[in-house]
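With these hints in hand, go ahead and build the complete structure from the sequences.
Those protein sequences? They're chains U and X, same order as listed. All residue numbers in the first sequence are consecutive under the working numbering, ending with 303. All residue numbers in the second sequence are consecutive under the working numbering, ending with 690.
Calculated directly from the structure, the hints in this document are not laboratory data. These figures come from a predicted structure and were not determined experimentally. There may be inaccurate statements among the hints.
[Stated by the list, open to error] Restricting the straight-line Cα-Cα distance to at most 25 Å, the calculated cross-link-like pairs of lysine-lysine (DSS-like) are:
#, chain 1, residue 1, chain 2, residue 2
1, U, Lys198, U, Lys107
2, X, Lys537, U, Lys128
3, X, Lys463, X, Lys319
4, U, Lys244, U, Lys171
5, X, Lys515, U, Lys128
6, U, Lys222, U, Lys270
7, U, Lys222, X, Lys529
8, U, Lys283, U, Lys174
9, U, Lys171, U, Lys247
[Unchecked claim] With the Cβ distance kept under 7 Å, some of the chain U side facing chain X (calculated, not the full set):
#, residue
10, Ser76
11, Gly79
12, Ser215
13, Asp216
14, Ile219
Backbone N, C-alpha and C define an ideal beta-carbon position, used for all residues, glycine too.
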Amino acid sequence: MERDAMWFTRLALGAAGAVPAIASADNAHLPIKTISGASGDYQLRRQIGNTDQYRLYECGLPDGRWGILKIATDRSYNGNLQREDFNLSKMMRESLEVDRGRAEREKYDHHVGFPKVEESFILESQDKRRVNVLSFIEWINDISLLEPAFYIVDRDQEQVDPRTGAWMIGKPLKTLSFAHRYGIANKAMSRSNLLLNKKEHWAIVFDWTQSEFNSDPHILRKAFRDDIAQLALVGIEIMGGDLKTGKLPDHEQLTDGRYERLIREMAEGKYDDALELHGIFYKLIRELWPKEFHPYTATKRTH
Amino acid sequence: MGHGRHAAATFAATAKEISNSGRSVTARGEEMVAKGEELHRLVDPRTGPRLSGNSMAEQPNGTYVLVHGVAMPVVNESDTTGSMMNYIDDIFRAMPGIQSCMIQSPSSPLSRYQAQVATGLIQDVYYSRRVKRQMLPYQISQFEGDNRIDEQMQLLVPAKQPNDTHTEDYQIAIYHLAFRVEATIWQYGLKGYAFITGDEIGHDYLSGSDAKEFLGVELAKQISAKEICQELLKKWNFFYLQVPGYRQRETTAWWTSLIGHERIIQLQDAADIPFVESVITGLTEGTIEPEGAVGYLTDFAASILGQASPEYTPDFMKNVKELSSSRISRIVESVMHIPFRAQADLPGFDKIPLAGDIFAAETDIWPVSSQTPQTVAPNTGGTDWTL
Chain U
1 MERDAMWFTR LALGAAGAVP AIASADNAHL PIKTISGASG DYQLRRQIGN
51 TDQYRLYECG LPDGRWGILK IATDRSYNGN LQREDFNLSK MMRESLEVDR
101 GRAEREKYDH HVGFPKVEES FILESQDKRR VNVLSFIEWI NDISLLEPAF
151 YIVDRDQEQV DPRTGAWMIG KPLKTLSFAH RYGIANKAMS RSNLLLNKKE
201 HWAIVFDWTQ SEFNSDPHIL RKAFRDDIAQ LALVGIEIMG GDLKTGKLPD
251 HEQLTDGRYE RLIREMAEGK YDDALELHGI FYKLIRELWP KEFHPYTATK
301 RTH
Chain X
304 MGHGRHAAAT FAATAKEISN SGRSVTARGE EMVAKGEELH RLVDPRTGPR
354 LSGNSMAEQP NGTYVLVHGV AMPVVNESDT TGSMMNYIDD IFRAMPGIQS
404 CMIQSPSSPL SRYQAQVATG LIQDVYYSRR VKRQMLPYQI SQFEGDNRID
454 EQMQLLVPAK QPNDTHTEDY QIAIYHLAFR VEATIWQYGL KGYAFITGDE
504 IGHDYLSGSD AKEFLGVELA KQISAKEICQ ELLKKWNFFY LQVPGYRQRE
554 TTAWWTSLIG HERIIQLQDA ADIPFVESVI TGLTEGTIEP EGAVGYLTDF
604 AASILGQASP EYTPDFMKNV KELSSSRISR IVESVMHIPF RAQADLPGFD
654 KIPLAGDIFA AETDIWPVSS QTPQTVAPNT GGTDWTL
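Right, here's the structure in full:
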């Protein structure tokens, strides 16, 4: 399931351990390098993650907000970044279109669940490797508040309770249902690719470099099913469940087997319609628990 | 292969002659076969491999100059049964527009190469064996950069019959592309472009007897279509343009198993083929950004209309006047799943020789004197760092 655990090894500012900068800097808050794009200059601060294919840097945007600069490690990955740009931009346009004319309280704000591509360009000075500059919805300006889902398991050695697990599954499921509606499959759902804010209950599907758009949705049925299944496996793991059987730890919040059964069926690939599943999921949640804010709740992992 | 480029004026004269005759583009080839003659050797795949090589012109001092850029093979093939029976006629008429917008204009995707175009037909072995022996199930012209493209199209012999077997022998065509083409472009680490248009499945294997009879090739044993495609994709930016047909899902599934669904384009209308190929080429070469595809296609379509001979404008080019924004959007959306920049991101992309480079010998691959910009050390602003 784990595609690459190296994404955000050092994302959270203030996390234990030194955060390496590109060059030696006594004050990590000074800009280290300025990269010029067509939309303005980006102030790179520090590297915050990497895989074999991309490196991530925290960067200041021209308007003063913070974002993430993602650069291909090799030109052969440029096309994937271009694809991410295309698909995320399409999703952003559709999200804004859906909300056009709606009152603030009635907006769906689907774009909460995925990054915005501020700009995508070739960096001539870096062997013509491609760069995507990413930001998040305006009220998520401090990226240090976002943590990848695998931190819960690997760093914190915790398992969340079922009600906490519910929004950690339900919110990305909403993002997937929106993407799938417009013919886009993520194809990289994993515990590295889900960024969470435990306090505010944000969940962002971050990486879309493997995503695929197809005007014939039938072509992507298997990819849609896999997106849902991988999300369910993430949910099972962060709730301390058994990845092979889908069995969740006993918990007082689980008064019957419906919640566990639904998530297990998701993981087994029973569902390929994320929109329909989203409705089923939240109908069940409302039946099980009251509709109220449930703060992040976790205990030490039992296994 | 010659040094020249496809000339619109020469094409117009040919088109006018055909138009005045009232006959189809492939009348010459059809007449030869009707008289009992064999398929012309220039389009008979049994005559040997197809070659795509750099066009060099000898200079007084004994060196050679690359006239138009390295040779880029471009293959257009189609089955010609059922709804596709007029494919050759349509591609013929679209050639000036294709040349202008996809190949020759300074901003076109293939402008830095000498595109050498080959046109082919894919038909049914059954029809060839039982009905018309000379109408080989696979016919392919030579790779040409000039108006010999038009001449050789006229030698093809399409079956123009309904397809009763619901298969076409694509495995013969893809074997030929994978193993019976020799192209200089591969020596630079790049790939050619190959488009097959159709609406059917092929067969899972190419038999030794079919390879011998229809390609003149001795095979020790049959070879699977899957194995053929593994080799095919190493050499070609290959796409299957699927038109609506009898077994839509099955056809998509068969081709997906061979080349992946990212290389299958669902066409609503065969008339979209030149536009689809142009956008695909641009996205693959990196000359078009996905967000700019609609604007590019709008300009391309307008140019095709401007290039069309008034006496010989096929229906689909007349429809260019009606190339609505919705149709353009549909065409663009139909190709947005292909691998972007698949050619542009290859290691050798920026290193190929350019038009005007000087070579010591005609068969040399690398020049002694080059127009290609030398690799420049990254501009790091004085700091040795890499992101």
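Would you mind confirming whether the straight-line C-alpha gap from lysine 244 of chain U to lysine 171 of chain U stays at or under 25 Å?
-> Measuring from Cα to Cα gives roughly 24 Å; hence the hint holds.
Take a quick look at whether lysine 283 of chain U and lysine 174 of chain U sit within 25 Å of each other, Cα to Cα.
-> It holds: about 13 Å lies between the C-alpha atoms, which stays within 25 Å.
Under 7 Å, Cβ to Cβ, is where isoleucine 219 of chain U needs to be relative to chain X, so tell me if that hint holds or is violated.
-> holds (5 Å)
Satisfaction of the serine 215 of chain U interface hint, Cβ to chain X closer than 7 Å | holds (4 Å)
Given hint lysine 107 of chain U paired with lysine 198 of chain U - CA-CA distance at most 25 Å = Since the Cα atoms of lysine 198 of chain U and lysine 107 of chain U sit roughly 23 Å apart, the hinted pair holds (cutoff 25 Å).
Holds or violated: lysine 463 of chain X with lysine 319 of chain X, Cα cutoff 25 Å?
-> holds (23 Å)
For the hint on glycine 79 of chain U, does the least C-beta distance to chain X fall short of 7 Å?
-> Interface hint status for glycine 79 of chain U: holds (4 Å vs cutoff 7 Å).
Can the hint on serine 76 of chain U be confirmed by a CB-to-CB distance to chain X that is less than 7 Å?
-> holds (5 Å)
Lysine 222 of chain U paired with lysine 270 of chain U [C-alpha distance capped at 25 Å] | Cα-Cα ~11 Å, so holds.
Mind checking the alpha carbons of lysine 515 of chain X and lysine 128 of chain U for me, to see if they're no more than 25 Å apart?
-> Distance of about 47 Å is beyond 25 Å: violated.
Double-check aspartate 216 of chain U for me: the hint is only fine if its C-beta lies closer than 7 Å to a C-beta in chain X.
-> At 6 Å from the nearest chain X Cβ, aspartate 216 of chain U passes the 7 Å test, so the hint holds.
Restraint status (C-alpha distance of lysine 537 of chain X to lysine 128 of chain U at most 25 Å) | holds (24 Å)
When the structure is compared with the earlier hints, a violation turns up for hint 5 alone.
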